[in-house]
Amino acid sequence: MKKTLTKFIPFIIMASFLVTGCNQDTSSTTTATKPAMSTKAKKPEGMVYKGKVVGKSNKAKSISIVVGKGDKAKTVMVKFDDKTKGVEHAAKGHASIIYYEMRDGQPWATVVKPKLAKLPKGVTAIETAELKSMIDAKADFTLIDARPGKRYAAAHLPGAKNIGTKEYKKKAPSILPKDKNKLLIMYCGGPT
Amino acid sequence: MSTKVAGSAIKDGYKNVRVYLQGQPAWIKAGNLVYASKGNIAKGNIVLIDLRSKKKSAAGRIPRSVTIPYDTLDDRLDDIPIKAPVVLYSDSAEEANEAVEDLRDEGYKKVALVSGNYAGWVKAGGKTVKGPVVTDINWKRKLGKGEVGKADFLKVASGADTSAVILDVRTKDEASAGGFKNAIAVPLDQVGSRLAEIPKDKKIYVHCTTGARADMAAQELKKNGYKAFYLVANIECEGNDCDIED
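So the sequences go chain by chain: A and B.
Note that this note's numbering gives residue 158 to position 158 of the first sequence, counting from 1, and the numbers run on in steps of one.
Note that this note's numbering gives residue 64 to position 64 of the second sequence, counting from 1, and the numbers run on in steps of one.
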């Protein structure tokens, strides 16, 4: 099984870059990736789950993760044990990638990784310290909270305005500066 | 999500776009402040705390505020539900910021401020009320999607309501000290393979010791066509005598 998994790793890595980060609470943005086509996989549903972890129990040693989009979204339960690597990356509400193998008809996690976020072309990342110093210095930029309105309403960063994922067309004209050279900084609920 | 909105901005012609990938959780973890929006302060299911003196609070405060002067906050911690989203304001930014830190240290995970404190609220045109201050906190957690409330759960546990059955998904070890009368015991990791033991014609109320596993089990059951709900509560049993703390 390990060997099979190794073969898939390039595909898994490629696939992981196709997925953007920053989870949302409304719908999962992820899919259960199909294994590579070059070999005939034993399990047609694939050997990696990607999606939002909806539960983890250390007592029962299992992780529940939502995979698939929209109507096809479903929750799967994956067991883990002391040999599973990176179990700490599976936390409720966070996006994870879980590599697994089948044992006695049940999926067992072999490796758990945080789901990587992919930045659109031309966009750079910013870290907490830099953002904090810019906010404190009242630097000239527009801070956008990209989470759903309810989450924004509950709590947001100082001075942040809300433009949810599907609201760009509706809200951007009134919130974003006319000058397209001005700095915009976006954030949401975190990638992992 | 931030990367999608950033992509939209780039497409729209913005040339200078950055994304704070770690997002709000990292911001809070670093000890930084967050703010509630006006609508949430006015109507949200929050505990709104006026940290100013009772005298000032009586003269004018944000509607629905509970008055807890900052120097008495420590004494009132037991009255503030730990799971409640708390929103604070004062007339001193320093005091409000300290109160956020205090509450976070005490384990409150959702602590936000009124932007600009009381003066900021008034300046933003927010409504105010005056008169005798309110000191009692009346906050009830709203049930999450798929949750069963404690009262409904107890009706089934006591046998008064027979439209549902209780499913205990704790481990065999945990369940050995006791459990609800008439509960069906199937540890979480066996739920999928022991569905035959769980009746399909009734609602299923699932419990564990906190709610985490019950949530997962309820999802598993729903996937299999059950009408399942989970209980979020700390549960300890001795024989059929169970202590439920929600």
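Hint data in this document are derived by calculation from the structure and do not stem from the laboratory.
Note that this is a predicted model, so its numbers are computed, not measured.
Check before you lean on any hint, since a few could be wrong.
Quick partial rundown of chain B residues pointing at chain A, CB under 10 Å, derived from the structure [stated by the list, open to error]:
id	residue
1	T3
2	G7
3	K11
4	D12
5	L21
6	P25
7	L33
8	S37
9	I41
10	T135
11	T209
12	R213
13	A217
14	K223
15	C242
No residue lacks a Cβ here, since even glycine has one placed at the ideal position from N, Cα and C.
Right, here's what the structure says about each hint:
Contact between T3 (chain B) and chain A, as hinted, is supported at the beta carbon level, the nearest pair being about 5 Å apart and thus within 10 Å. Because the smallest distance between the Cβ of G7 (chain B) and any Cβ of chain A comes to about 4 Å, under 10 Å, the interface hint for this residue holds. Among the interface hints, the one on K11 (chain B) holds; its C-beta lies about 9 Å from the nearest C-beta in chain A, closer than the 10 Å criterion. Hint status for D12 (chain B): holds, given a least beta-carbon distance of 7 Å to chain A, under 10 Å.
The closest approach between the C-beta of L21 (chain B) and any C-beta of chain A is roughly 5 Å, which is under the 10 Å cut-off, so the hint is satisfied. For P25 (chain B), the interface hint holds, the least distance from its beta-carbon to any beta-carbon of chain A being 4 Å, beneath 10 Å. Because the beta carbon of L33 (chain B) sits about 7 Å from the nearest beta carbon in chain A, less than 10 Å, this interface hint is met. Because the closest C-beta pair between S37 (chain B) and chain A is about 4 Å apart, less than 10 Å, the hint holds.
Hint status for I41 (chain B): holds, given a least beta-carbon distance of 9 Å to chain A, under 10 Å. Among the interface hints, the one on T135 (chain B) is violated; its C-beta lies about 24 Å from the nearest C-beta in chain A, farther than the 10 Å criterion. Checking T209 (chain B) against chain A by beta carbon gives a least distance of about 8 Å; that is within 10 Å, so the hint holds. Taking 10 Å as the C-beta contact cut-off toward chain A, the hint placing R213 (chain B) at the interface holds, the least distance being around 4 Å.
Hint on A217 (chain B) holds. Least Cβ distance to chain A is approximately 9 Å, under the 10 Å limit. The closest approach between the C-beta of K223 (chain B) and any C-beta of chain A is roughly 6 Å, which is under the 10 Å cut-off, so the hint is satisfied. Interface restraint check: C242 (chain B) against chain A, minimum CB-CB distance 18 Å, threshold 10 Å, status violated.
This entry does not satisfy hints 10 and 15, going by the numbered hints stated previously.
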